[in-house]
Structure formats: structure tokens, C-alpha cells
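J.: Taken in sequence, the protein lines are chains A and B.
Note that the numbering used here has the first sequence beginning at 50, numbered continuously upward.
Note that the numbering used here has the second sequence beginning at 4, numbered continuously upward.
No lab work stands behind these hints: they were computed from the structure.
Warning: the hint list may mix true and false statements.
[Unchecked claim] Mimicking SDA-like on lysine to any residue, the simulated pairs with C-alpha atoms at most 25 Å apart in a straight line are:
hint	chain 1	residue 1	chain 2	residue 2
1	A	LYS146	B	SER224
2	A	LYS146	B	TYR179
3	A	LYS110	B	THR254
4	A	LYS110	B	THR221
5	A	LYS268	A	CYS196
6	A	LYS153	A	GLY140
7	A	LYS146	B	TYR207
8	B	LYS251	B	VAL60
9	A	LYS268	B	LEU252
10	B	LYS70	B	SER224
11	A	LYS268	A	ASP63
12	A	LYS146	B	TRP189
13	A	LYS146	B	TYR227
14	A	LYS268	B	THR200
15	B	LYS154	B	THR254
16	A	LYS153	A	TYR130
17	B	LYS67	B	TYR227
18	A	LYS110	B	TYR227
19	A	LYS268	B	LEU208
20	A	LYS110	A	TYR130
21	A	LYS268	B	GLU158
22	A	LYS146	B	PHE176
23	B	LYS67	B	TRP49
24	A	LYS146	A	GLU73
25	B	LYS251	B	THR77
26	B	LYS70	B	GLY205
27	A	LYS110	B	ASP103
28	A	LYS146	B	ALA228
29	A	LYS110	B	LYS70
30	A	LYS146	B	LYS251
31	B	LYS67	B	PRO262
32	A	LYS146	B	VAL249
33	B	LYS67	B	THR200
34	A	LYS110	B	SER224
35	A	LYS146	B	GLU158
36	A	LYS268	B	ALA105
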Amino acid sequence: MPDKHAKSSKYTADRNIPGAFEGETVTRRRFMTGTAHTAGAIAAGAFTLPALGFALGPIFKNSPHHWETVGTVNSFSEDNYSAVVVTLTPGVGEAGKTTVYVRKFNPALDTDPYDRESRFIAISSRCAHLGCPVRWVDAAERFICPCHGGVYDLLGRRVGGPPARPLDRFYTRVVGEDVQVGPRFSVNSELRRFSPRDPGEPLDGIGQYLYPSRPSEQKL
Amino acid sequence: MPRLPKLPAPPLPAPFVEPPPRPGEANGKGGVLEGAQEAGITVVDWVDERTSLSGGVRWMLFRKVPKGTNWFYTLGSATLFAFLSQAVTGVFLAMYYRPDAAGGAYESIRHVTNEVFLGQFVRGMHKWGSSVMVVLVFLHMGRTFIWGAYKYPRELNWVIGVVLLILTLVMSFTGYLLPFDQRAYWATIVGVNINGTGPLIGPYLSDFLRGGGEFGATTLSRFYAIHMLLIPGLLIALIGAHLYLVAKLGTTAPPWREPKQEPELLEAEV
Numbered sequence: 050m051p052d053k054h055a056k057s058s059k060y061t062a063d064r065n066i067p068g069a070f071e072g073e074t075v076t077r078r079r080f081m082t083g084t085a086h087t088a089g090a091i092a093a094g095a096f097t098l099p100a101l102g103f104a105l106g107p108i109f110k111n112s113p114h115h116w117e118t119v120g121t122v123n124s125f126s127e128d129n130y131s132a133v134v135v136t137l138t139p140g141v142g143e144a145g146k147t148t149v150y151v152r153k154f155n156p157a158l159d160t161d162p163y164d165r166e167s168r169f170i171a172i173s174s175r176c177a178h179l180g181c182p183v184r185w186v187d188a189a190e191r192f193i194c195p196c197h198g199g200v201y202d203l204l205g206r207r208v209g210g211p212p213a214r215p216l217d218r219f220y221t222r223v224v225g226e227d228v229q230v231g232p233r234f235s236v237n238s239e240l241r242r243f244s245p246r247d248p249g250e251p252l253d254g255i256g257q258y259l260y261p262s263r264p265s266e267q268k269l
Numbered sequence: 004m005p006r007l008p009k010l011p012a013p014p015l016p017a018p019f020v021e022p023p024p025r026p027g028e029a030n031g032k033g034g035v036l037e038g039a040q041e042a043g044i045t046v047v048d049w050v051d052e053r054t055s056l057s058g059g060v061r062w063m064l065f066r067k068v069p070k071g072t073n074w075f076y077t078l079g080s081a082t083l084f085a086f087l088s089q090a091v092t093g094v095f096l097a098m099y100y101r102p103d104a105a106g107g108a109y110e111s112i113r114h115v116t117n118e119v120f121l122g123q124f125v126r127g128m129h130k131w132g133s134s135v136m137v138v139l140v141f142l143h144m145g146r147t148f149i150w151g152a153y154k155y156p157r158e159l160n161w162v163i164g165v166v167l168l169i170l171t172l173v174m175s176f177t178g179y180l181l182p183f184d185q186r187a188y189w190a191t192i193v194g195v196n197i198n199g200t201g202p203l204i205g206p207y208l209s210d211f212l213r214g215g216g217e218f219g220a221t222t223l224s225r226f227y228a229i230h231m232l233l234i235p236g237l238l239i240a241l242i243g244a245h246l247y248l249v250a251k252l253g254t255t256a257p258p259w260r261e262p263k264q265e266p267e268l269l270e271a272e273v
């Protein structure tokens, strides 16, 4: 009985394959099978890859920075927040809007070195736990989240509950007399600026590497 | 005394001989009912002659089941019927639904619930049926686990079942957004952000679900497409594989039934 595992010659002529050419190593049947498989793979790839790119495309889309006027320089106070509504995503009505809490820069409060250059502080109402809308409660001087009990102080730093980092902020600028709110950025517990992250993603220590920012949205 | 051979009957004259029934003809004179029955059988025969489907149907339905088979064995079929109910009501809800995040989605659901004939009923079937299906999936899974019915050679069917469980939960998650009311919107925000808390791939996963960094114009239609095209296709394919393996491997007896061994067989083995 012939040994199945014996090393056979690589030449088809030596393996007694009918119609073998001299020096041929791939049988014509094998070649045709490979060609058919390749053609099938190309045809399948021709509709799978564009569809996949189509589904994943928006993730990598670079949207231009969007600045929105929220009031005049004199409409905000130094020691309390005013709620303003800005549009994050145009075209989807109420679903694309969010509340931002704005106040004037206060040298007595905003002692962190990263806030020095901005004249207005804009704090996102998106909870850093899982994204519910926090509310500024004036009497308690706290931001309070209705979903899972996250509590933040006047500067947006976590003082209670499950949030993983302080509240996000928005860049602000003054154009003439108008205060404008721009792109979002995230901060760690020392209020150091980071590229925007989704809620629930800590930024202290190893967190900033475990939760990479998206390449299309970087801090300014 | 030997019996005499019987003489053959004398031949009838030709006009009195009844012709034999033609093939496919019931005994000659059937009523309308019999004719309809014959027509049905003819159609089934015609299909079966060309596909041999009846063998497959017999293989699937007329199986041997172990002694002790009881009502707990119907939990899988119950789940299947919950799925079919979801599929049928979902198809008809899709005829009215508009995945428009600027207000059209909520308005279309409001229209179905308040104005369409039986709309509230069909939507209620779909809404409550989803919870029923999840509960039944877990009961079915618990039965399989407690009976030990996941053991060799049925491990693959357990694995397929776990994938089906995950797909069912993905259906629940994506379907929750579609009414597009406050509860749906914020629950989806929270759900997508829970996905995002997975290290390294989490942020990309939530970006895929939202179709970008923020809840946007395509998020709702994306959830809708996942809910009614992508996952149902996978579910149907995997339910087919699940049922095939059930028919192929058979069901297990309940654990309290001892395997009965013939005493003679034991002696012969010794």
C-alpha cells in the first residue's frame, strides 16, 4: 500500500498526471480552481469592501470647527452659570442640541493654569459617567446628574457619584461683543486639557491610553 | 373430496365493462370536496417529485423523542414563536415607521399608536413581545443548562444559542431607540456610552454605533437598519442552524431518568 504521506515529486510529470507538461508544477485543474476562487473573492470584495467603508466612513469624517454665538460679553456673570443651548449636530432638530453652562472667567476661582487664556468658561452638560444631561443647581452650587447621581462642583470636578472624570468643556472666544462657543474638549481631574473623549472614559493615569481619542477630533 | 377448480366467469360484453380508473383519478365519481383534496395532493406531489422535500419534512418533524419529554421542552418552540411574532409585527410596523431624527420618527410612532386601525395593538405586540422573547430565551437557556443538555455532542448548539441570545439583546437595544421619545433617546445615549467604556476598542465601537462622534442624523437610520435588516438576517440563519442541529442530534432525556440497561446485555459484556 502506498504511503499517503510520502513526499511526492513537485513535478506533475513525475506524479503520472495525464497530459502533464515537462517542468510543470501546478496541474491545470488546480490552476483553474485557484483562478475561480480568486475571481469569486474579487467579486465578493468588490461589494463588501465599499459597503464596509460606507458604514465606517462617518467615524473618520473630519468636520470643520463650528462656533456658535451664545450671547454678549455682558450677559454672563463671574460667579454663576447661565444655561445656553447650542447645536452640536445640525439637521436633526432637538436631538442635535445640547445645553452648555457659561460664565465669565473668575481669577479667584479659576486658578488652574490651563484656564488662564480663556475669558469665558463653558461647561458641557453631558455627564462624564454615561452622558445624561446634568443640571446646575444654584442653591447647592453643584452640577447634579439625574440618572445615576453624579455630582460635580463649580469647576465641573467630580465630588460624588460614579463619573470617571470632570465635566467636559468647550472652547470659547470673543468676537467683537459676542461670546462664541466652539469645539468640545475633555479635562482630567487636574483640569488639564485633552482631546474630547466619550463619557465613562477616565483620563487620569493609564486611562488616556486605554481610551484613545478619535483622530478626526483633536484639542485645539 | 377435492374441491373442483372454479370456472372463470364468462366474459361480459364490451358495453358493460367499466373502464379502469385513469391515473390520478379518484375512484371515478368524487364530489367537489374530494376533487379539491385530489388537487391539493396533486400539487404537493408535483412539488415533491421535483424537490424531494417530503423526506426533509419527515426528518425534521417525525423524530424519536426520549421518554420523559415534558412541557419544558416547548420553551425553544415558544421562543421561536415569539421571534415569528416579532418578525411579522415588525414588518407591518416598518410600513408606517419613518427613521427621521428631526421629529418624523416620533410622529410616525404617535400616528401608529393613536390613529392607525389596530396600530396600538400591533405596536403593543411588538413592544411587549420583545420582553417576552428575552424572558423565553433565558428560560430556554436555563432549561438546557439545568438538564445538562449542552453536553457532548450538543456543545455547538449551545454556542449558537449564546450567539442568538446576544443578537436578541442587540435587537432589544437597537429597537429601544426607534420610538425616539425622551426615554429612547437618553437610554440609547447611556447604552452607547456603556459600549464606549470597553478599553481600547470601546471608543471605536460607540463611534460605529452612532456613525460619528456625536448623536447625529444617521444614528437613528443606522439603528433602524441594524434592527430590521442586519440582525434579523443573522437571527434567521442561526435559528436555522440551531433547529438543524436539534433535529440532527435529537433531544436529551430529563436528568432524573436513569439510562435503562438490559440485564442480559450486562451479562454478555462480562
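J.: Could you run down the list of hints and mark each one as holding or not?
T.: So, going through the hints one by one against the coordinates:
1. Taken as a hint, the LYS146 of chain A and SER224 of chain B pair is honoured in the structure, with Cα atoms around 18 Å apart against an allowance of 25 Å.
2. Taking the CA atoms of LYS146 of chain A and TYR179 of chain B, the gap is near 21 Å; set against the 25 Å cutoff, the hint holds.
3. At most 25 Å may separate the alpha-carbon atoms for a hinted pair to count; LYS110 of chain A and THR254 of chain B exceed this at roughly 51 Å.
4. With a CA separation close to 13 Å, the supplied pair LYS110 of chain A and THR221 of chain B stays within the 25 Å bound.
5. Only pairs whose Cα atoms come within 25 Å are accepted, and LYS268 of chain A paired with CYS196 of chain A is rejected, the gap being roughly 28 Å.
6. Proximity of LYS153 of chain A to GLY140 of chain A is assessed by CA-CA distance (about 30 Å); at most 25 Å being required, the pair is judged violated.
7. Between LYS146 of chain A and TYR207 of chain B, the direct Cα distance comes to roughly 23 Å. Compliance with the 25 Å bound is thereby established for this hinted pair.
8. Our distance criterion of 25 Å between C-alpha atoms is met by LYS251 of chain B and VAL60 of chain B, whose separation comes to about 13 Å.
9. A distance of roughly 58 Å separates the Cα atoms of LYS268 of chain A and LEU252 of chain B; the hinted pair therefore is violated under the 25 Å criterion.
10. Simply put, LYS70 of chain B and SER224 of chain B have alpha-carbon atoms about 50 Å apart, too far for the 25 Å limit, and the pair is violated.
11. Using a Cα cut-off of 25 Å, the hinted pair LYS268 of chain A and ASP63 of chain A is violated, with the two alpha carbons roughly 68 Å apart.
12. Among the hinted pairs, LYS146 of chain A with TRP189 of chain B is consistent with the structure: their alpha-carbon atoms are about 13 Å apart, no more than 25 Å.
13. Only pairs whose Cα atoms come within 25 Å are accepted, and LYS146 of chain A paired with TYR227 of chain B is accepted, the gap being roughly 21 Å.
14. Note on LYS268 of chain A and THR200 of chain B: the hinted pairing holds, with a Cα-Cα distance of about 21 Å set against a maximum of 25 Å.
15. The straight-line distance between the Cα atoms of LYS154 of chain B and THR254 of chain B is roughly 11 Å, inside the 25 Å bound, and the hint therefore holds.
16. Of the supplied pair hints, the one linking LYS153 of chain A and TYR130 of chain A holds, its CA atoms being roughly 8 Å apart against a limit of 25 Å.
17. Restraint check for LYS67 of chain B and TYR227 of chain B: not satisfied, since their Cα atoms lie roughly 42 Å apart, outside the 25 Å limit.
18. With a CA separation close to 21 Å, the supplied pair LYS110 of chain A and TYR227 of chain B stays within the 25 Å bound.
19. Taken as a hint, the LYS268 of chain A and LEU208 of chain B pair is honoured in the structure, with Cα atoms around 21 Å apart against an allowance of 25 Å.
20. For the proposed pair LYS110 of chain A and TYR130 of chain A, the alpha carbon gap of about 33 Å is over 25 Å, so the pair is violated.
21. For the proposed pair LYS268 of chain A and GLU158 of chain B, the alpha carbon gap of about 50 Å is over 25 Å, so the pair is violated.
22. Restraint check for LYS146 of chain A and PHE176 of chain B: satisfied, since their Cα atoms lie roughly 23 Å apart, inside the 25 Å limit.
23. Restraint check for LYS67 of chain B and TRP49 of chain B: the C-alpha separation of about 29 Å exceeds 25 Å, so the hint is violated.
24. With a C-alpha separation of about 69 Å, the suggested pairing of LYS146 of chain A with GLU73 of chain A is violated against the 25 Å cut-off.
25. As the CA atoms of LYS251 of chain B and THR77 of chain B are separated by approximately 18 Å, the hinted pair is consistent with the 25 Å bound.
26. Restraint check for LYS70 of chain B and GLY205 of chain B: the C-alpha separation of about 48 Å exceeds 25 Å, so the hint is violated.
27. For the suggested pair LYS110 of chain A and ASP103 of chain B, the alpha carbons sit about 21 Å apart, so the restraint of at most 25 Å is met.
28. Between LYS146 of chain A and ALA228 of chain B the CA atoms are separated by roughly 24 Å; this keeps the pair inside 25 Å, and the hint holds.
29. This hinted pair does not check out: LYS110 of chain A and LYS70 of chain B have alpha carbons roughly 61 Å apart, beyond 25 Å.
30. Our distance criterion of 25 Å between C-alpha atoms is broken by LYS146 of chain A and LYS251 of chain B, whose separation comes to about 55 Å.
31. Straight-line distance between C-alpha atoms of LYS67 of chain B and PRO262 of chain B comes to about 16 Å, which keeps the hinted pair within the 25 Å bound.
32. For the hint pairing LYS146 of chain A with VAL249 of chain B, the CA-to-CA distance comes to about 51 Å; that exceeds 25 Å, so the pair is violated.
33. For the suggested pair LYS67 of chain B and THR200 of chain B, the alpha carbons sit about 48 Å apart, so the restraint of at most 25 Å is broken.
34. Simply put, LYS110 of chain A and SER224 of chain B have alpha-carbon atoms about 18 Å apart, close enough for the 25 Å limit, and the pair holds.
35. Between LYS146 of chain A and GLU158 of chain B the CA atoms are separated by roughly 49 Å; this puts the pair beyond 25 Å, and the hint is violated.
36. Taken as a hint, the LYS268 of chain A and ALA105 of chain B pair is broken in the structure, with Cα atoms around 29 Å apart against an allowance of 25 Å.
Figure legend: structure checked against the earlier numbered hints; hints not met, in rising order: 3, 5, 6, 9, 10, 11, 17, 20, 21, 23, 24, 26, 29, 30, 32, 33, 35 and 36.
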